[in-house]
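Undergrad: Kindly generate the complete structure, drawing on both the sequences and the hints.
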Amino acid sequence: MRIRSQNSLLGQNRARIINEILIAFIGIGLAVSPLLANQRWLDHHFLPSFYTPRSRQVLIETIVRIVVAVLGAVLALIARRPLAKFIADHPGRALQIALAVLLAFPATEFVLRTRYPRMAMKEEYPAHIEPSRQLDPRLGWVFVPSRTGQQTVGNRTIDYVIDSAGYRVRNRAEPVDFDRPTIVFTGESIIVGERLSWDESIPAQTGAALGLQSANVAVSGFANDQAYLRLQAELGHFRRPVAVVALFMPLLFDRNLNDDRPHLGPGLAWLPAVKRWRLQTIARFLVPYRSDETIERGVLMTREVLRATLELARARDAVPLIVVPQFIPEAPAERELRSRVLDEAGLPYVWVPLDSSWRVPGDPHPDARAAHAIAVAIANQLRAAGRQ
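Numbering-wise (our numbering), the sequence shown opens with residue 1 and increments by one.
Calculated directly from the structure, the hints in this document are not laboratory data. Worth double-checking, as some hints may not be accurate.
[Stated by the list, open to error] If you anchor each label on the Cβ, the simulated ranges turn out as follows: (1) Trp351 - Ser164: 33 to 43 angstroms; (2) Leu112 - Arg314: 44 to 54 angstroms; (3) Val32 - Asn155: 28 to 38 angstroms.
Built from N, CA and C at the ideal position, the CB exists for glycine as well.
TA: Structure, rendered in C-alpha cells:
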C-alpha cells in the first residue's frame, strides 16, 4: 500500500514538473513574441486601414504587445507552479474545463449561424444602413434599386436617390440618359459620395465642371475587383462614354484581399465566396493579419483589375483614368502599396493630395472640399485629353 502511495506521489510530481515546463515554455513564448513582432513586422502584416488612423492602429498594437508580454511573464514566473499543481492534482477537473472550452466553440458557431445568417460578408451592411444594399450573387451586394434613403450627418439630412439601374442620381426626375456623352464613375463609398449631397459628390462636381453627364455606378463597400465587375456589366449600356474613372486608394487595399465575398482570382477568374466559420470571420476581423503570400496575391490581382479597367475604357474609345486620393501626410506603408500596385506595374494615374482635415466630421470619408479637389483633378486631366 505504501509502495503504491509512493508511486502515485512520484507520478504526480513527475506530471507537475512536466506541466511546469510546458507552461513555462508557453509563457516564455508569449513574453518573447512582442519582441519578434516589432512595429516594422506589424506594419507589413497589418495593412493601413481607412477606418482606423495610423496613430490609433499603432496604439492598439502597442497595447496588445504589452498585454501579451505581461501575460507571458505572469504564466512563466507566477502562475506556472500553481497551475501545474492544479492540473497534476486534479486531472479530471482540468480535462472537464478543457472540454468545456472546446465545446463552447461549436456551440457559439451554431448560435451565430442561426441568429446572423448574413454575417459572412463583412462589407455587406444591414439593410437599414443607408444607402441600403441587397445581396447579389455575382458582385456580393448592390444598392437596392428604385429607392430613396436618408441619412443624418451632423445637422444635415443626406438623400441617397438610387434609380432603377442601381445608380446614385440627383433625383428621380433626372435619370441617366444612356444616349448622352457620359463620364462613367466606378468605385466605392468615396465615389458614391457617402455623407455628401449629390451636388457635392465627385461625379456631380466633375460633370458640372466639364458640362457633361456623369453616371455614378459605384457601390459602397466595393473592392477594386468588384468595381471592375460592376463597370464591365454597366459600361455597355452607354452609347457615348467619354471617360471611365476608377479609384485606387492604399487605405482601401486591404479590402481587395477579402475572399468572404465573390471575388476575382488570377487571370481575373471569378470565384465564389469562401465559406468559413462565423467565429473565424470574427477572428479575422479583430486580428486582420495578412501573410506575405496573401499580400502578393492581392497586389497582382489589383494590377490585373486596374489594367483591365483601362483596357475596357479604351475599347469603347473612352479616356481611362485611375484617380488616387491621398490624405497628407502619406504614411510609408501607403506609399509602398501605391508604388507596388501602380508604379511598378507602369499604370498611369492621377495622384490627388488632400488636407488631412478635409474629412466629414467624425467620419473618415472625404468632405465636400476634398471631393471638389478630386473632381478638379479629374476635370483637368480630361480637359488635357480633349474631352470636354
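Undergrad: Work down the list of hints and note, for each, if the structure agrees.
TA: Hint check:
1. Trp351 - Ser164: 33 to 43 angstroms: 36 angstroms, holds
2. Leu112 - Arg314: 44 to 54 angstroms: Holds: the Cβ-Cβ distance is about 46 angstroms, inside 44 to 54 angstroms.
3. Val32 - Asn155: 28 to 38 angstroms: Distance hint for Val32, Asn155 is violated at roughly 52 angstroms.
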